[in-house]
Amino acid sequence: AEIDRWLKEEAKKDSESRKILLLGTSESGKSTVVRQMKLISTGNLSDYREAEWRPILQGNILRGVHELLHAMAQLDISLANTNESAMLRNLPENAVRSPPTPFPEEWSEAVLTVYKDPSLKVAFERRHEATVLDNISYLFQHIPRLMTPNASISNEDILFARLETTGCSETKLNMYGLNYKVYDVPGSRSERHAWVPFFDDANVILFVVSTSSYDQTLAEDPSTNRLLEAMVVFEQVCNNPLLENTAIILFLNKIDLLASKFKAEAFTVPFPDFAAPPPGEDMTEHVLKFLAKKFYYLNHKRERKLYVHNTCATDTNQVRVVLATVNKIIIKLNLAAVRFSPRSMDA
Numbered sequence: 369a370e371i372d373r374w375l376k377e378e379a380k381k382d383s384e385s386r387k388i389l390l391l392g393t394s395e396s397g398k399s400t401v402v403r404q405m406k407l408i409s410t411g412n413l414s415d416y417r418e419a420e421w422r423p424i425l426q427g428n429i430l431r432g433v434h435e436l437l438h439a440m441a442q443l444d445i446s447l448a449n450t451n452e453s454a455m456l457r458n459l460p461e462n463a464v465r466s467p468p469t470p471f472p473e474e475w476s477e478a479v480l481t482v483y484k485d486p487s488l489k490v491a492f493e494r495r496h497e498a499t500v501l502d503n504i505s506y507l508f509q510h511i512p513r514l515m516t517p518n519a520s521i522s523n524e525d526i527l528f529a530r531l532e533t534t535g536c537s538e539t540k541l542n543m544y545g546l547n548y549k550v551y552d553v554p555g556s557r558s559e560r561h562a563w564v565p566f567f568d569d570a571n572v573i574l575f576v577v578s579t580s581s582y583d584q585t586l587a588e589d590p591s592t593n594r595l596l597e598a599m600v601v602f603e604q605v606c607n608n609p610l611l612e613n614t615a616i617i618l619f620l621n622k623i624d625l626l627a628s629k630f631k632a633e634a635f636t637v638p639f640p641d642f643a644a645p646p647p648g649e650d651m652t653e654h655v656l657k658f659l660a661k662k663f664y665y666l667n668h669k670r671e672r673k674l675y676v677h678n679t680c681a682t683d684t685n686q687v688r689v690v691l692a693t694v695n696k697i698i699i700k701l702n703l704a705a706v707r708f709s710p711r712s713m714d715a
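Every letter in the sequence shown is one number past the one before it in the working numbering, and letter 271, counting from 1, is 639.
Hints may contain errors.
With a straight-line Cα cutoff of 20 Å, these simulated PhoX-like cross-link-like pairs (lysine-lysine) come out [as the list claims (entries may be wrong)]:
no. : residue 1 : residue 2
1   : LYS696    : LYS673
2   : LYS657    : LYS629
3   : LYS673    : LYS662
4   : LYS700    : LYS387
5   : LYS673    : LYS631
6   : LYS673    : LYS661
7   : LYS700    : LYS673
8   : LYS673    : LYS387
Derived by calculation from the structure, the hints in this document are not laboratory data.
Just so we're clear, the structure is a prediction, and the values are computed from it rather than from any experiment.
Could you build all of it, start to finish, from the sequences and the hints given here?
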């Protein structure tokens, strides 16, 4: 009887939960948004154990340093030719992307040695001229701490960790008094066919876009611009008949990286119609308005409002404000749905 009661309570919670489907292309920051939701909901990411996240962060650092070492040739920066730098530079790509667990101590020592070379810091300062992981901006300054065997891992570290989404993850949480089920699905081309089953009964689509990816290409197709790909996918999602009555909230994400790296000349390659802002207007704000307008016109169903928010998914305070607004939007939409449902019309 006690099990039956528990099952009924769980079923009731599930039926009352709002379903948020997080969509976007690879490396848009979707998973970071989920972690922020969890952090804001519970106040901690304590269920993410240090032993699991330490090798992930160390692997991210390894990949970032590996990419910087390879970028140095194109940036015309020379590095002391040590055994450590040679070993790291020559590591196979699959070893860099999926390092063994536990993380090899000799690799950690090699990273710490190379990190002390001033030339690597020069390459880091010029990282926007090459292709490196976005999170290296944060991780680079914490290399001495994070590369130690028993490094303590903080909530902030976890927010900046890059872990490729494989398969759909479901997160149940209570945020601002409402129960949510958040589904994070992979964004790579080969995985997008798995999105459609999740379209059914989704209350909200939260589509995340990396605004800083305007000068990057897809890992799976180097001929395709990442931001243009995100626009193509957004248009397909926005105008899918299965989502005709589903609210869509757009997160123009990674605005911090956009601001730090923006170059108008590079931006006009994918967007030749971009024009400089009028005197006195902030460039980043101008770019974000430009992108919001581009995405707005991809929504062919004009009567459906598109909610747009500029976000930095790693900034907890900023995301807290945005999610409070998202929560209000969902409440408003639910009230409207109840008001115009057949049952309420018959009452």
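Consistency of the hints with the structure:
no.: 1; hint: LYS696 to LYS673; in the structure: 15 Å, holds
no.: 2; hint: LYS657 to LYS629; in the structure: 17 Å, holds
no.: 3; hint: LYS673 to LYS662; in the structure: 15 Å, holds
no.: 4; hint: LYS700 to LYS387; in the structure: 15 Å, holds
no.: 5; hint: LYS673 to LYS631; in the structure: 31 Å, violated
no.: 6; hint: LYS673 to LYS661; in the structure: 13 Å, holds
no.: 7; hint: LYS700 to LYS673; in the structure: 13 Å, holds
no.: 8; hint: LYS673 to LYS387; in the structure: 19 Å, holds
The structure fails hint 5 only (numbered hints given earlier).
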